[in-house]
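K.L.:
Going down the list, the sequences are from chains X and H.
Quick note: the first sequence uses the UniProt record's numbering, first residue 1, plus one each step.
Quick note: the second sequence uses the UniProt record's numbering, first residue 1, plus one each step.
Simulated from the structure, these hints should not be mistaken for laboratory data.
A portion of the hints provided could be inaccurate.
Unchecked claim - As a list, the in silico DMTMM-like pairs of lysine to aspartate or glutamate whose alpha-carbon atoms are at most 25 Å apart:
1) X/209 / H/180
2) X/197 / H/70
3) X/229 / H/70
4) X/226 / H/70
5) X/215 / H/248
6) X/209 / H/50
7) X/215 / H/116
8) X/216 / H/75
Note that this is a predicted model, so its numbers are computed, not measured.
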Amino acid sequence: MPLPVPLTEAQVYHRCPPEVLSFATTESLDDLELPCGQERVLRALEFGAGMSAAGFNLFVLGPSGVGKHDLVNRFLTRHAAQQTVPSDWCYVLNFQQAEKPRVLAFPAGQGRSFRQDMADLASELRTSVPATFESEEYQARLQELQEEVSQHQQEGLSAIQQEANDNNIAMITTPTGFTFAPMRRNGEVIDPDDYQKLSDDERTLIESKVEDLEKKLQQSIQQIPKLRKEVRERVRSLNEEMVQLTLGAPMGELRERWSHLPEVIRYLDAVQEDVVEHAELFRDNEHGPPKALLARYDINLLVDNADTRGAPVVYEDLPSHQHLTGQIEHHARQGTLYTDFTLIRGGSIHRANGGYLIIDARRILTQPLAWESLKRVLLSSELRIESLERLYGLMSTVSLQPEPIPVSVKVVLLGDRMLYYLLSHYDPDFLELFKVEADFADDLERREDGYLLYARMVATIARSLGTRPVQRDAVARLIEHGSRMADDQRKVSAHDRVIRDLLSEADHWAGTEGAHTMDASHVQRAIDEREYRASRVRELSREQITRGIVMIATKGHAIALVNGLSVLQLGASRFGQPTRISATARPGKGQVVDIEREAKLGGPIHSKAVMILSRFLASRYAGEGELSLSASVAFEQSYGGVEGDSASVAETCVLLSAIARIPLRQSYAVTGSMNQHGDVQAVGGVNEKIEGFFDVCREAGVVDGQGVLLPASNVEHLMLRADVREAVADGRFRIYPISHIDQAIALLTDLPAGAPDADGVFPEGSVNAAVAERLSRFVAISKAQDDEAKPSEPGGENDHG
Amino acid sequence: MASPTGAAGPPGRILVLLDGSRLSRAALAAAADIAGREGREVLGVFVEEDNLLRSAAYPFTREVGGTSGERRPMDRILLEQRLRRLAERARSALTELEAQRGFPCDLSVIRGHVVDEVLALARPQDLLVLGRSGWSEAIGMRLGSTARGLMHQAPGVVLLWCETRKPVQRVVVLLNDHDDANERALLAAQSVCRHRQQPVTVVVPAGDGLTASKLADLKAATAVFGKGCRLRQLASMGAATVARVLREEGASQLVISRQSALFCQPGIEPLLLALNLPVTVTP
């Protein structure tokens with residue numbers, strides 16, 4: 001197998017020559033309305049926003065920082081502008097059941113007019129109804145009524161009194177009623193002794209008359225409550241009549257004005273009935289009608305779309321249950337809580353009704369029960385305002401149950417992919433309600449003909465941030481950095497936030513230099529400063545290597561030791577560093593011990609990689625024979641756990657070195673995963689790994705002859721730093737693209753790996769031959785040991801079987 | 001110089017008729033206000049009505065309940081006990097009033113006929129205060145027999161008190177062509193409105209008798225009521241016209257002389273029955 005040629009400078013970095021950009025600064029470029037390279041998301045948004053069927057809500061998924069919110073907001077705002085403005089919604093008192101306020105819908109903007117109309121009506125009621133009651137006509141009629149009844153009452157009593165007088169019987173008032181007694185003509189009651197002197201007939205006549213008068217008086221008095229009730233009813237009828245007359249004109253005007261809305265007409269009828277019913281309260285108060293009475297005719301304009309253009313687009317930044325579905329507030333009066341329909345407050349679903357509601361998926365999921373409430377609204381297509389405590393039966397006091405509002409809202413959830421997949425898997429309602437998946441691309445295709453679009457995107461961002469114009473060399477540098485962020489020469493990162501942050505920082509540095517435009521040096525400084533700010537842990541790690549505390553050799557040869565490469569991610573930054581991998585080998589039962597796994601420091605992928613290499617060794621070197629090997633692999637001075645399979649090429653090489661006792665070149669570091677046939681496969685973080693090893697080599701002395709072996713399929717992921725590229729160009733640092741384990745073996749040992757002949761025998765002097773030869777010896781040793789052990793342990797094999 | 005109550009000589013006592021009814025308690029409160037302002041003695045008068053006691057001695061008489069209409073036998077002993085309890089309560093109320101307000105209060109308990117006994121007790125300079133109706137107010141009587149008798153026969157000023165929900169508004173004084181009576185009525189009105197700064201409307205009969213000089217004198221006499229005083233001339237002083245004017249003026253108290261032509265007409269009682277407001281009747 002031919003050995004690979006070291007990569008050239010051009011292969012390790014995809015430059016963007018400023019000359020290909022046909023502008024001087026971004027000032028001359030037009031804004032980009034929608035971001036480039038996100039066609040899939042845009043088509044999904046177009047479809048989802050226009051689809052009216054139920055359940056076609058959207059979930060926009062993508063990593064944070066790609067500008068999901070900005071794009072969705074811009075897209076929906078443009079889309080919604082073409083749509084009709086939705087209705088206004090009001091809550092009004094339900095005169096029959098005050099605890100169940102009624103809802104009224106109005107064409108956009110008319111809710112405000114109706115509220116004003118009702119305020120005017122209340123104002124009219126405040127003055128005109130009491131004025132009616134104070135009018136001469138009303139007073140006279142009331143007087144007539146009362147007089148009529150009073151007169152009736154007085155007449156009854158007077159008639160009895162007169163009858164008593166005519167019969168010489170006195171009607172006398174007592175503290176609790178009346179009594180009758182015989183009297184003389186001068187009005188004096190006859191002394192009882194004198195009364196006895198009257199004849200029996202006279203006495204019988206008098207007593208009979210007294211009894212008769214008592215009965216008449218009794219009858220008359222017992223009619224008084226009935227008379228009083230009658231007068232109350234008649235006064236009430238009079239009041240109603242007067243109020244009807246007073247309300248006639250203003251109500252007629254309102255009815256005519258709102259005749260196009262039958263529900264409103266029904267409400268106005270109810271208002272009129274209520275005013276008539278409460279006519280007494282309008283009359284009885286010295287300071288005009290009580291405020292609470294007029295408040296019955298208030299309008300709670302929950303959703304006012306008078307100033308809305310197109311369909312509303314609402315972003316709810318705190319999607320709690322209350323903020324979404326609204327709430328019922330209370331007034332505290334002397335320690336007691338009161339509420340009424342005027343204290344109903346709308347939520348973001350109310351405001352977005354008829355339009356679009358944008359919610360951050362993670363936030364709604366972290367708010368107690370908000371997710372369930374949102375689903376409930378979407379499933380039922382109506383919105384009920386209920387407090388959480390009432391919804392879950394924690395409070396049983398009487399409160400309001402406002403009439404539900406029909407809802408037609410398109411919800412757009414923004415979240416990362418993991419949330420989308422988790423919700424799809426665990427929430428049975430989710431896919432029913434969020435049928436449109438808008439998946440953001442992490443990276444964009446990097447093509448020369450697309451540079452101008454990218455530049456326009458930079459120009460748009462720069463303008464929105466208010467930064468200086470960006471020179472074309474700076475745009476070129478941003479494109480290159482975008483590729484580095486994407487870890488791919490053929491892609492650029494779609495992370496909007498990174499470009500924004502970088503532009504802001506570069507603008508700052510340009511400002512410190514007094515520059516009027518941003519150039520590549522400012523962008524580079526922004527990148528370097530970010531790197532520097534995040535470099536504390538990296539420098540500590542490198543220092544430990546330089547001081548020999550962590551042992552890494554960058555020159556010479558050693559048996560059973562090799563430099564592996566790993567990547568550490570800390571917050572938003574990551575860096576690579578070499579790790580020494582060691583191995584041991586002795587005769588055994590064909591097992592490779594993964595020390596990391598035994599110590600519970602290895603992850604499952606790493607364990608899988610070790611198992612793969614174990615099987616590779618067995619199949620390649622033992623063939624149909626027996627493999628006698630007890631080997632171990634360990635990451636030296638690694639205490640934080642190991643995961644991934646990117647060290648499997650290095651682990652294979654170090655194991656072969658341990659078996660064959662052939663030294664490995666320490667000036668090379670190795671990365672790459674391997675399959676069971678020895679093919680080398682791509683890994684992640686190659687740029688950081690190479691730069692990490694380069695830095696260690698530089699700090700150990702002069703970089704001269706060191707290098708890195710990496711999977712050939714990773715070459716197009718290389719976007720290396722300038723100093724590394726320089727060393728590559730000078731031939732001081734070599735990067736070998738390998739595609740098979742044998743290439744790694746040959747490069748690390750300076751010996752041919754050796755391909756087996758038709759009989760499976762490796763050529764003399766090759767590394768593989770040495771490995772096969774040593775393993776044969778292990779087999780012989782194992783057999784000898786087994787033979788020695790047999791006499792003392794008869795039937796032992798069977799026992800283990 | 002006449003006293004503020006309209007009678008000649010120094011101001012006399014305030015006689016309050018107490019029978020334990022709701023309106024008699026209200027009348028006592030009104031009397032206490034006047035006594036407090038004018039520093040007069042209050043004499044409560046409680047009359048054990050002879051006719052009532054006699055009627056209770058009959059075996060066949062029944063009391064018809066004023067509210068329920070139920071008939072119950074009467075017992076003289078029980079009635080006397082009840083009257084004594086009411087008198088005792090009246091005495092306690094006066095004692096409390098004396099302690100609180102500082103003016104002298106006394107109670108006279110008399111047995112006899114109410115109107116006769118009060119007339120025997122009252123002097124021309126005394127102000128007589130009583131409820132417009134007594135116990136019969138419970139069944140809607142607006143003018144009781146005692147009030148009816150005393151407003152015509154009392155020697156001095158009589159204040160027929162009632163409770164009204166109306167705010168304190170104008171005092172309306174009805175005058176006639178009797179100069180002395182007019183003077184007494186105006187003095188009584190002055191006494192009434194002085195404390196509460198109430199505006200006054202003076203109503204005079206228009207006609208030949210009301211000459212320019214008389215009108216000028218009247219205006220001069222009413223100057224004491226201040227700028228808010230209104231003088232209205234009425235072509236007719238009939239009960240219906242007066243009732244309308246009183247409503248128009250928003251009257252909260254009426255002052256009328258016993259010498260007034262209207263007072264002598266049979267229409268005064270219907271007028272008083274129709275108007276539920278305190279009435280001051282001057283000699």
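K.L.:
Looking back at the numbered hints, which does the structure fail to meet, lowest number first?
P.N.:
The structure breaks hints 1, 2, 5, 7; every other hint is satisfied.
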